[in-house]
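J.: Protein sequence lines, in the order shown, are assigned to chains L and F.
301 is the number that UniProt numbering gives to position 301 of the first sequence; each next residue is one higher, with no gaps.
143 is the number that UniProt numbering gives to position 143 of the second sequence; each next residue is one higher, with no gaps.
Hint data in this document are derived by calculation from the structure and do not stem from the laboratory.
One or more hints might be untrue.
For chains that are exact copies, the list does not tell them apart, and a pair is met inside one copy or across any two.
[Stated by the list, open to error] Once the Cα atoms are required to be at most 16 Å apart in a straight line, the calculated EDC-like pairs of lysine to aspartate or glutamate come out as:
| # | residue 1 | residue 2 |
| --- | --- | --- |
| 1 | K228 | E127 |
| 2 | K133 | E227 |
| 3 | K295 | D11 |
| 4 | K9 | D142 |
| 5 | K324 | D257 |
| 6 | K28 | E253 |
| 7 | K59 | E182 |
| 8 | K324 | E256 |
| 9 | K101 | E4 |
| 10 | K133 | E56 |
| 11 | K324 | E253 |
| 12 | K28 | E141 |
Bear in mind the structure is a predicted one, so any value in this text is a computation, not a measurement.
There are 2 protein chains.
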Amino acid sequence: MSLEWLDPKGDLQDMVMSSRIRVARNLKDRPFPHFASPEDLEAVRERVLEILSGVEHLKDRRIYHIDSMDPLSRQVLVENRQMSRALAQGGPGRSILLDLKGILSVMINEEDHVRLQVLLGGLNLQEGWCVAKSLLDRMGEDNFAFHGDLGFLSSCPTNVGTGLRASVMVHLPALARLGRMEAVSNECQKLGLVVRGAFGEGTPSHGAIFQISNQVTLGPSEEELEEKTTGVVRRLCEEEKRAREVLREAAGENLEDGIFRAFGILTNARLLSFGETMELLSSVRLGGAMGMLPKMSGAFWNRLMLDVQPGRIQALAEGPLDRKGRRRLRAQLVRERLAGLESCP
Amino acid sequence: MSLEWLDPKGDLQDMVMSSRIRVARNLKDRPFPHFASPEDLEAVRERVLEILSGVEHLKDRRIYHIDSMDPLSRQVLVENRQMSRALAQGGPGRSILLDLKGILSVMINEEDHVRLQVLLGGLNLQEGWCVAKSLLDRMGEDNFAFHGDLGFLSSCPTNVGTGLRASVMVHLPALARLGRMEAVSNECQKLGLVVRGAFGEGTPSHGAIFQISNQVTLGPSEEELEEKTTGVVRRLCEEEKRAREVLREAAGENLEDGIFRAFGILTNARLLSFGETMELLSSVRLGGAMGMLPKMSGAFWNRLMLDVQPGRIQALAEGPLDRKGRRRLRAQLVRERLAGLESCP
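The following block holds chain L by itself, in its conformation from the complex:
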């Protein structure tokens, strides 16, 4: 099973890691998951899978019942960004459908009956929405609870209307170093967007990776939401570029020193925690973008920042590892990957 987002496309690969469209839907005449009995949830799952089985271009897909998955497999799907943390907790009627390209996820009985997700590399919400729209059309929108004034209904009022959340993962190391992320976050809020850590609400940002998404789902059309988020991300990337020049002027040699030290630690350490690794990788990536170190592709960074996560590390080892074991294998993986960079001029 591959992950399409690992190969970002477009002009902002330097900063934008991936784009995600997520649409919430609930079946008509069935209780929302929070109020549903286990039997209701089971019936919802069956009905949703029935609907999905009728969708032509979802022939190559896998379906997992969360409660049947071991903890590590769940964690890997979360780290892959294919599954939400909430769904990973399991429970009655909870399932996920994944396509083999790692673009599509359909989460069943998370907060809503259906949460459809399209995940693509780089800044590509437009295509993401097209893919999602096409799938929703084929699923038959009339299967879902809809209100003439409000639009599609959802468990949480913040998702009522389009049910759409457009999110972009973006690397903003210069803005973070200059302590500007709070201001950026406030700016975004005024525009109806929200800035969060890499795994959404309440999660920390590791290595200056932030998730930008729309806060409002009611009112504007899906296209408007997608376009607005894309526009704000483009502006943030411009701000990040300017921040890099400010940083070069202000910190200059200290910045370069920090970047080379990060590189030295990553290419030599024998034990690396996830948090430290992300911070150091963030520095090295910034160094590449600023011409201090060889510049690696967005694909290189997406894959590396994916693979250093605790679940992926254990998947690589083909079994559970204790904390020290993870740190040891992470350090080895990072050394191997960065070895290519070292031989660059």
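Given chain L, put chain F in place with the hints provided.
T.: This is chain F only, laid out in the frame that chain L set:
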């Protein structure tokens, strides 16, 4: 002008950097420096230089009047361990005579009229004392203030008797890491020895380098003092070896991680302070001795730990550098020197 101590000899090069014999003498019938007028000090200098000019094997030597030296040249001689910090402050009648091999220093009008120093690489106090003795004999011991009961007289009572201080510079990273240096220091004190930072009394230890020297100068003969100091240093080296094994057992992977990180920082940093450099070099040196990194010779380490000092760095630049300039050049020097190590298996 070379420095003989940069090429240590003997079996303990791993740990022992250099050995120093220092002998305090004062001219008969002249006031001790603290009580002497500038004219007295001038007269002392003339008399001492007259005595020295009669010594056959001191034909190839240089004499510097401290007050005529620029601050950087003074600092370099201190860092070379050829001159004491006290003498470097300058003042009336203060001079130094140096041989061209960097073995002999005769400091004039420091705390005593004459402080003769012999500096050799590795653990070699015995040869140091032979060289010093031979020079003292040629200078004519009857020129110096001597008391039948006490021995040679000196400004400070702690130097009365033989006037001899035997000191050894030794790298004890495992004992330092295990927090055992206070206990070691107490042990030494009971044996009449004292443990100090690299530049003697009141100076900090950078990079786990300590100076071990005798505290008592009155009573035992010079040979006894030299032998006792040598014996204690040998025992300390044994303790250090055992401490390395304890450290390997106790810290294992964390120790290795720290050593490789130190190597990574040293081979990549663009700015390095003296203190940080010494700590990191200490780790890398320990890593070499413990088989984790390629093992470099005592000569390699003596030279590197000498050259990273602030004065030596500026001498290398052939002129004064500000703090940032020193840090930049130090980082460059360290990267160049360690590049050889990097290509080792």
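J.: If a hint holds in the structure, say so; if it doesn't, say that too.
T.: Evaluation of the provided hints:
Proximity of K228 and E127 under a CA criterion of 16 Å is satisfied intra-copy only: 14 Å inside one chain copy versus 82 Å between copies. Proximity of K133 to E227 under the C-alpha cut-off of 16 Å is restricted to the intra-copy arrangement: shortest distance 15 Å within a copy versus 89 Å between copies. For a Cα distance limit of 16 Å, the shortest separation of K295 from D11 inside one copy, 15 Å, qualifies, whereas the shortest one across copies, 48 Å, does not. Taking CA atoms no more than 16 Å apart as the test, K9 paired with D142 passes in neither setting, with 34 Å inside one copy and 90 Å between copies.
For a Cα distance limit of 16 Å, the shortest separation of K324 from D257 across copies, 12 Å, qualifies, whereas the shortest one inside one copy, 29 Å, does not. Proximity of K28 and E253 under a CA criterion of 16 Å is satisfied in neither setting, with 61 Å inside one chain copy and 58 Å between copies. Proximity of K59 and E182 under a CA criterion of 16 Å is satisfied in neither setting, with 45 Å inside one chain copy and 73 Å between copies. Taking identical chains as interchangeable, the C-alpha atoms of K324 and E256 lie at most 16 Å apart only when they sit on different chains, with a minimum of 13 Å there against 30 Å within one chain.
Taking the shortest alpha-carbon separations for K101 and E4, only the intra-copy value of 6 Å comes in at or below 16 Å, while the best inter-copy value is 69 Å. Taking the shortest alpha-carbon separations for K133 and E56, only the intra-copy value of 14 Å comes in at or below 16 Å, while the best inter-copy value is 100 Å. With identical chains, the CA atoms of K324 and E253 are at most 16 Å apart between copies only, with a shortest distance of 9 Å across copies and 34 Å within one. Within a single copy, K28 and E141 get their C-alpha atoms as close as 10 Å, which meets the 16 Å cut-off; across copies the closest is 111 Å, which misses it.
Hints 4, 6, 7, counting from the list given before, are not met by this structure.
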